[in-house]
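There are 2 protein chains.
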Amino acid sequence: MTSSSTRQFRPLPVPSVTVGGYWGDWQDAVCDHTAAILLDRCVAARMLEQVNPDVPSPGIVIPIIHWLGTPQMFWDSDLGKSIETIAYSLYRKPNPELEARADAIIDMYEKLQDADGYLNSFFQRIKPEWKWTNLRDFHELYCAGHMIEGAVAYYQATGKRKFLDVMCRMADYCVKKFGRGPGQVRGYCGHEEIELALVRLARVTGNQAYMDLAKFFVDERGQAPNFFIEEAIAHNRDPKGVQKNTLEYNQSHLPVREQTKVVGHAVRAMYLYSAMADLATEYNDDSLTEALETLWADLTQKQMYITGGIGPAESNEGFTDYYDLPNDTAYAETCASVGLVFWASRMLGRGPKRVYADTMEQALYNGAITGLSTDGKTFFYDNPLESTGKHHRWTWHACPCCPPNIARLVTSLGSYIYAVADDEIAVHLYAQSEARVELANGAKFTLRQDTDYPWSGKIGIAVDPETTARFAVSLRIPGWARGAKLAVNGQPLDLAVDAGGYVRLEREWQKGDRLALDLPLEPRVLRANPQVRQDAGRVAIMRGPLVYCLEGADNGAGLNSILLQHGAGRVETAAIPDLRGAIAIDLPALREQANSWGADLYAEKAADTEATTARLVPYHLWDNREPGEMLVWLRER
Amino acid sequence: MTSSSTRQFRPLPVPSVTVGGYWGDWQDAVCDHTAAILLDRCVAARMLEQVNPDVPSPGIVIPIIHWLGTPQMFWDSDLGKSIETIAYSLYRKPNPELEARADAIIDMYEKLQDADGYLNSFFQRIKPEWKWTNLRDFHELYCAGHMIEGAVAYYQATGKRKFLDVMCRMADYCVKKFGRGPGQVRGYCGHEEIELALVRLARVTGNQAYMDLAKFFVDERGQAPNFFIEEAIAHNRDPKGVQKNTLEYNQSHLPVREQTKVVGHAVRAMYLYSAMADLATEYNDDSLTEALETLWADLTQKQMYITGGIGPAESNEGFTDYYDLPNDTAYAETCASVGLVFWASRMLGRGPKRVYADTMEQALYNGAITGLSTDGKTFFYDNPLESTGKHHRWTWHACPCCPPNIARLVTSLGSYIYAVADDEIAVHLYAQSEARVELANGAKFTLRQDTDYPWSGKIGIAVDPETTARFAVSLRIPGWARGAKLAVNGQPLDLAVDAGGYVRLEREWQKGDRLALDLPLEPRVLRANPQVRQDAGRVAIMRGPLVYCLEGADNGAGLNSILLQHGAGRVETAAIPDLRGAIAIDLPALREQANSWGADLYAEKAADTEATTARLVPYHLWDNREPGEMLVWLRER
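Protein chains in written order, with full-length UniProt numbering: chain A, 1 to 637; chain B, 1 to 637.
Rather than coming from a laboratory, the hints here were simulated on the basis of the structure.
Predicted model, so just to flag it, every value in this text is computed and none were measured.
Certain hints may be false.
Remember, identical chains collapse to one label, so a pair may be satisfied in a single copy or spanning two.
[Stated by the list, open to error] Cut-off 27 Å, straight-line C-alpha distance, at most; resulting in silico cross-link-like pairs (DSS-like, lysine-lysine):
| id | residue 1 | residue 2 |
| --- | --- | --- |
| 1 | 485 | 302 |
| 2 | 93 | 176 |
| 3 | 377 | 93 |
| 4 | 390 | 240 |
| 5 | 511 | 176 |
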């Protein structure tokens, strides 16, 4: 299914899309609470003492991150992501106080920056002697990447160039330092991130050197001799001494175009593949796209939770064996699903394909947003699909990567809904929103969705060009939507879904054109490939893009005693007021009785059962009410 | 169900019972291989360098045992258990070379012992300054306990008193050091063991001071103010700093008679309860028995795997929540099930009750012996009930507690089969064996079982008194044995099972009296209490005392794709030549087809199924053939 398309789709900039409805509520939560909380907690963690050249260095505050074996040395990344979040939030809700706090941090970084452009508060303030000694473990370029993303967003949001200029100087420094020329380092970062950040920086500045450096980092990765082994030997370290003892951990075991299996640390993998997808689009590089298509199938057909969660193991924060998807111990880091959204959205750069957009939506609604409480104040790091009632969102973490990651995704969501090519707009996600678009072919229009999606499947789309204009509107028809209907200006249309799973409407658009899309949201009963041992004999319920679960708040304790009975009664849906009006699903079920079982732990009998109604709620909203059990994969009779 | 019986049953000494058949094979494996392997690997681990005062001290060889946070400081216990194993093995198979090696180690300990009787190679040779500074964490009395058990066994096996005398001097030292008198320490060990060892020492020496010291340790445990808190404060340590931050970890949270819940480290708990049961018997202490009955129900009705494995969590090597029994991550340490056998056998000290003997048998055949390969050369530490094919027996371990523990249990098995009171012999286990008995009432007889148990349920029992004598023979009728039959001298007997689950035959026994017991071994289908979420919707197959499992060697990969179909065909049994003639069970089943499922990881369909025959083998024999998956709790249609 190699794409040889030369069409290049790029996301709409965040400021071009106003979001309301379901995602508007999430954005409000981040604007009103999360954005400031991120800064508050970064300050409480003593990050600013490390950054601010005017106060004494705090030294190493957290000596060991247990899964990494190094001190906490990547706080710049948390500040970068927090500033990025604040930037996006300022579009939606101007907030002079928050803006001033961000400006103050940017001022510190500007003051801290070395004359040659180098900037990393850990290596400048805490351990100068470690600078550039360990690209594999020390997150040095990773931090630069997140700072660049923050700088790009802050520039776009506020028009202020200071942070962008600071990070351009750091990028210029890197352009000099890394490369294949004499005296340059042929290395790359152990935690990918700088690559996709440089693409963003190149796009906003138009500086091709940044794009080429991104390409260099991606192309060099995994080439022989392996840079990380050479680097370790050069610094008298055991080349197998850390990082889970594998090159797979950071995807440097093979040149990226030869990689066929998704391995290692999940977030690292997603950020790498995101950059590869960006570069495939920018350079029309089919060799990258082919590798990515293989990796995509590997991930989504063998290694992904139904929630779009990825990376089942805590030990490497990443991938294990094919079809190994434990539910109660699922790591499925919030950041990894955020990264999957990044990757999927970038796979759409070479044209609309629902194989990517469907999974982007699945990861967004189930793997990623679950990481944030509805009030925007607490966070999941890992996202199990089963809980005995002890798993809850926390207020902060020694490695606080997930909170700003989900927050920046939420606040930039507009750019994931739409993407544009020269003469086309693709609608990848359905969400109450208004996009203000100007295509390269000159068409200028607004596209407005009116919908209560994901609770309702009815979507009204208003296309209002300033003047009549020819372009295409491509609408995703999700793979799960059987019996979808589309009308144009009230006239039903035969649904001509193309090979990519989109309906492409190319026409002369006029002010007042109206589309009506109806995606049926009947609850669906899904089973896993029989090779997923942990889901054997169990089903998951989905409705539209949402995975559902049983929660103790509705069903009491002992969720594994509940057996769904399909067809034994009516399937009802109901709005839940204390979950933002989310739609619950009520299903007929049996419940095994523990009371009548007796004292024996094991016995030659079946448990008594009693008829009941099982209430399912959207998985991503669990643990927002009273604490209790949770279960996604359910028994059935 | 409090026992106020004043009957005292004690095990027959190991030399009084010759074992053959099934357990004879295991004993041969230990005599021929394990016993020498234990010494070889203790030597390779550098233990003797620590013990031998004539060579330089090796210093701390293993700086940290990760779950404990201390160096490896309990090697004396491994040597003690190894010598105990060797002692028992010498009954069965004299081995001058092995005996000479044990003698040489005993000579080292004799030479090492301080003039005041103190003996512990770690604190004498490596860290004298730590001596008696940390009873909670440092295993000092625990080591003495295992050395005492080894000394008792070696004396009984060889008649040589040297090791016994050495350990009596250490026990005398402890009698002086610990107690409620002026200048004495009112403490006890963080890892129970010394208590049950002192009971054994008292029984073999007749020295009541040892018995009373055991009682002191048990009675003091958990009294307020808590000794371990006081001890930590006295040595300027954080009283909550180690040992999983709980007093429950070592069962010192409450006085033992007030404990109602089985908590903490599983082996510690079992050794404590074993000592409590011994003391309940020796002192006819109903208050201890009552506490033990409560703890017994707590363990066996809420916290025990069907294998008799206990302690599901690796984090504390112990207990977690009621009904929390994960199968694939089950810790279920071999030592813990060995400890459960110890406890259960001692609960029989106040009279035959199958509630204890049935569980003793269950833990013996499924939780404990699984820890040893059939060739006696490799060992399981943890015993999951499900494996994807990566769990295998190892040759050694930084904490090599399990190998000698299962080895000493196997070689002393005769003493678990039978127990005697003044005028009675109880047959708790069925096994090819001959017991030579002299009761306190003067009756002198041999009791011989001829049986292929556990493969067959037919047991012939020959009772041959030297002269006609009156005494009782109590035969356990296992709770699972429906339709058991008994004949005396060819005459069928109405099976009058008493409240404890035994048939008690009190009569004038004559030479040539013959009993024929027939315990039906029909495969049984068991389910777990619905509160065990991990077993929901699944069944386990047992036959007699044996838990069965699916293994990859017979059924290929993907064991969770197999659904048993009760009643869809014949249940067959067959002997497996490459597993010592073990009986396999063949059951009709369906198998979900992964081949025809397609590429989707999740889909709205059920997998195709195909009829098949599932072969089940005894769980304790798994991983003795080619490596592969294993599964105890099976799906059913």
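Of the hints given before, which are not true for this structure?
The structure breaks hints 1, 2, 5; every other hint is satisfied.
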